[in-house]
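**Q** Next come the chains, spelled out residue by residue.
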Amino acid sequence: MAEHKNLLTLMDFIFTEQMDSLPAEYEWGLAVQAKYWGRIAEAWRKGEPINWNSFAGTPEIFLAMDIPSIMQEALSVAVCSLPDKSNERYIDIAQENLVADHVCSTQKIMIGAAISGDLPPPTTIVHPAQPCDSTVVTYPIISEYLGVPHFSLDIPTWKDERAIQYVADEIERMVAFLEEHTGKKLEYERLRTVMEYSNAAHDYNLKMNELTKMVPCPIRQLMGAVLMSAAGTPECVEFYKSLYERAKSRVEQGRGPLPQEKVRLAWFSTWLAHDLELLRWLEDEFGAIVVNTLLGTDTTPLAEDISSTRKIMEALARKLLNAPMARECWGTLEHWFDYAIPACRDWKVDAAILTLHIGCKNMWAVSKLLKDKLADEVGIPTMVVEADFCDGRVFSSDGVRAQLSDFFNTMLV
Amino acid sequence: MTALEELVELAEAPYNGAVKEWKEKGGKVVGFTCAYIPEEILHAGGILPYRLSPTGCTETTEADAHMSHFNCTFARCCLQLALKGDYDFLDGVVMMNSCDHIRRLYDNWKYAVGSPYMYFLSVPHRVDEGPEGWYKDEITYFKESVEGAFGVNITEETLNSSIRAYNKTRALLRKLYELGERDKPPLKGSEMMNVLLAGLRMPREDYNQLLERLLSEVEKKEDVSDYQGRLMIMGGACDNPDFLHLIEDAGGLVVADTLCFGSRYFWSAVETEGDAMTGLAKGYLNRPSCSRMTESQDERRDFARQMIERFKVDGVIYQRMKWCDLWGGEAFYVGERMKEMDLPLLVLEREYWLSGSEQLKTRVQALLEVIAGRRR
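Quick note, the sequences are listed as chains A and B, same order.
Going by the working numbering, the first residue of the first sequence is number 1, and it counts up by one from there.
Going by the working numbering, the first residue of the second sequence is number 414, and it counts up by one from there.
Bound-form chain A, shown alone:
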């Protein structure tokens, strides 16, 4: 891999040649990601426009405009899997350039990779100003550093009809920005086709979500959050269809991926990108399966009306406001309650885990209120563990596992 100085060609190489390097038992959507990175690498080789976006975004727009777009957080997670610990190197570079050590490591990887030159500058950067301060601040600063045009979609706290119309307007402004800076155009017919694929994938995903409420849970929850980067592609539909069919078949057989499902967990935080074996360890040690996850359980609604560009914008606005993490983290505490309480009840959860990432200050600040609410309303315990999503040096994996062991041994098993 040493010959790959450029992260874009490196990702293409990893996802086409090195897929086995990731733990196979989780649902990463590797084939989807291979195509995703392949498109980006090809555009880079041809010198065509490339965009950067943050998660909880609108992949459908980029696809319809034929602008390959790198979801930076997906790149950061993938970088954490590299054997040379590039994640740590990039984080250090960002911090050496005055980015505070407590800013989200996911975005520090982006900044460090860009400063180092390993990540070529894009043509444009767009991002919704959600779901946390780190996302709000890091995209503008890296765009300024790289001298790349940048557009930030304003996302309000509320999720009502007024907010939907406002965000739909914001997406239209984003499209105008992309058209101006890339020369690409958004055509309704192409957008409608992309939305049909997006709807098909979301439909399978929502049906699969229903199946994961069964006991035993028929399938491991998605770790890859594939919809966030690839919704709108045919391969994404195929991926979710295959997952759904596997889950359905297992439900019919009354079995899940674990020999014996002892504990059902809701994982209301990021998992650890620097320790992808953690969830497997929980399964092996405690028979614990994650049935609902903050990032993996995508509950964004279908785009019911795609009869006009404006209607699609409104549908995408609904998606943006309800995307994983934006759904709970970008608002007042009631948004957390609205998601977490039914998630624990409907998914028959025994305990909630909050491996709270140091970058997620907004989650840290309500962890007690959430913990108390889940105990009062659902009657389940919540374990809060200090962690860092992409940097194992801040809180070690061993330490996280020790705390989880104590929790399982004293509270659950």
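Note that these hints are calculated values from the structure, not bench results.
Do not take every clue at face value.
25 Å max Cα-Cα, derived DSS-like pairs, lysine-lysine [claimed, not checked]:
| id | chain 1 | residue 1 | chain 2 | residue 2 |
| --- | --- | --- | --- | --- |
| 1 | B | K752 | B | K735 |
| 2 | A | K248 | A | K348 |
| 3 | A | K371 | B | K497 |
| 4 | B | K497 | A | K373 |
| 5 | A | K46 | A | K185 |
| 6 | B | K725 | B | K588 |
| 7 | B | K774 | B | K752 |
| 8 | A | K262 | A | K207 |
| 9 | A | K371 | B | K523 |
| 10 | B | K581 | B | K523 |
| 11 | B | K523 | A | K373 |
| 12 | A | K368 | B | K735 |
| 13 | B | K597 | B | K633 |
| 14 | B | K497 | B | K436 |
| 15 | B | K735 | B | K633 |
| 16 | B | K634 | B | K588 |
| 17 | B | K633 | B | K725 |
| 18 | B | K725 | B | K774 |
| 19 | A | K368 | B | K725 |
| 20 | B | K523 | B | K497 |
| 21 | B | K497 | A | K368 |
Following the hints, put chain B in place on chain A, whose structure we already have.
**A** Coordinates of chain B only, in the frame set by chain A:
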């Protein structure tokens, strides 16, 4: 007592004589957290707007049980004082999505403290026509909520009158602040901060009178000349005059700032042409910006440059709260900009209260030595 002495005394206590007197007369007081919340709306309803500024907080034991130690101590101190009952005199609280910490301060306040009236504003992160429309609607709903909760009628006339009162404050503060352009300014930065803090916790009309008195008094005041460098403070919320005292003790003179408790609070006036809510929406959203605003980097750079040039700044102290991601991220390009401007920069991460003061003083002295070295 001089006007300055009166203002310093009013700034020192969260529940000061002016607020007590207001409450004793049956007046309502509503706390708020951020410079993007238009005080004029409360003022027009006959309510005393009170900006939360947890003066005197030195520990957060109770607050830590609710918010975590990964949250900034400004927010935790506000919660601490609320949990201890120090804010029991408030009849309500208004907060907004300033940052993750303040947004969650609202949640914790709501569930762990509770106030008779609580309101949350969703303020845009970008400034242009669309977000301005959203913000105007938000503050209009806020006005209606205040009217309903407190049984008051806020008219166009009362709003315009409040805007005029606040614009008068802005003009007086700016006149006072601009005295800092002099080589020997009449006020130190710590004194100016006290003047500003007093205004956050007293009736506006009384404040304006005190400012007018102060302006006439400073003409007779002895000018400050014993300093080794003219400094500007940048970064996140800073309302602690002791922090500035420490810089002054080290030999620096704070002549300018780009703080939300400082110059950004009063620098631009609210337009009085057209309807009042439009004026407030434009005025507040377009004031010199906080790092929460995503497309305003150029504006922040220009404002800082303008302040540096006008106030003949020799060096910059960029301070921010530990755990503040907004200002923790912004530091990246502030560093780049100071390099471009060839200005010495000291970056400080701090807690709300003053801790490690000797170490801090040493670092300020080192900055002043760099400044002195450049003069040689």
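**Q** Each hint needs a verdict: does it hold in this structure or not?
**A** Do the hints match the structure? See the list:
1. B:K752 to B:K735: Holds - the C-alpha atoms of K735 (chain B) and K752 (chain B) are around 23 Å apart, at most 25 Å.
2. A:K248 to A:K348: holds (18 Å)
3. A:K371 to B:K497: holds (23 Å)
4. B:K497 to A:K373: Since the Cα atoms of K497 (chain B) and K373 (chain A) sit roughly 23 Å apart, the hinted pair holds (cutoff 25 Å).
5. A:K46 to A:K185: holds (19 Å)
6. B:K725 to B:K588: Satisfied, since the Cα-Cα distance of roughly 17 Å is no more than 25 Å.
7. B:K774 to B:K752: holds (23 Å)
8. A:K262 to A:K207: Cα-Cα ~24 Å, so holds.
9. A:K371 to B:K523: Answer holds: K371 (chain A) to K523 (chain B) is near 16 Å, not above 25 Å.
10. B:K581 to B:K523: Distance of about 34 Å is beyond 25 Å: violated.
11. B:K523 to A:K373: holds (14 Å)
12. A:K368 to B:K735: Distance of about 21 Å is within 25 Å: holds.
13. B:K597 to B:K633: Holds, because 13 Å separates the two Cα atoms, which is no more than 25 Å.
14. B:K497 to B:K436: Satisfied, since the Cα-Cα distance of roughly 19 Å is no more than 25 Å.
15. B:K735 to B:K633: violated (40 Å)
16. B:K634 to B:K588: holds (16 Å)
17. B:K633 to B:K725: With a Cα-Cα distance of about 23 Å, the restraint between K633 (chain B) and K725 (chain B) holds, given a limit of 25 Å.
18. B:K725 to B:K774: Holds, at about 22 Å.
19. A:K368 to B:K725: Violated: K368 (chain A) and K725 (chain B) sit about 48 Å apart, past 25 Å.
20. B:K523 to B:K497: holds (15 Å)
21. B:K497 to A:K368: holds (19 Å)
The structure is inconsistent with the numbered hints 10, 15 and 19, although it conforms to all the rest.
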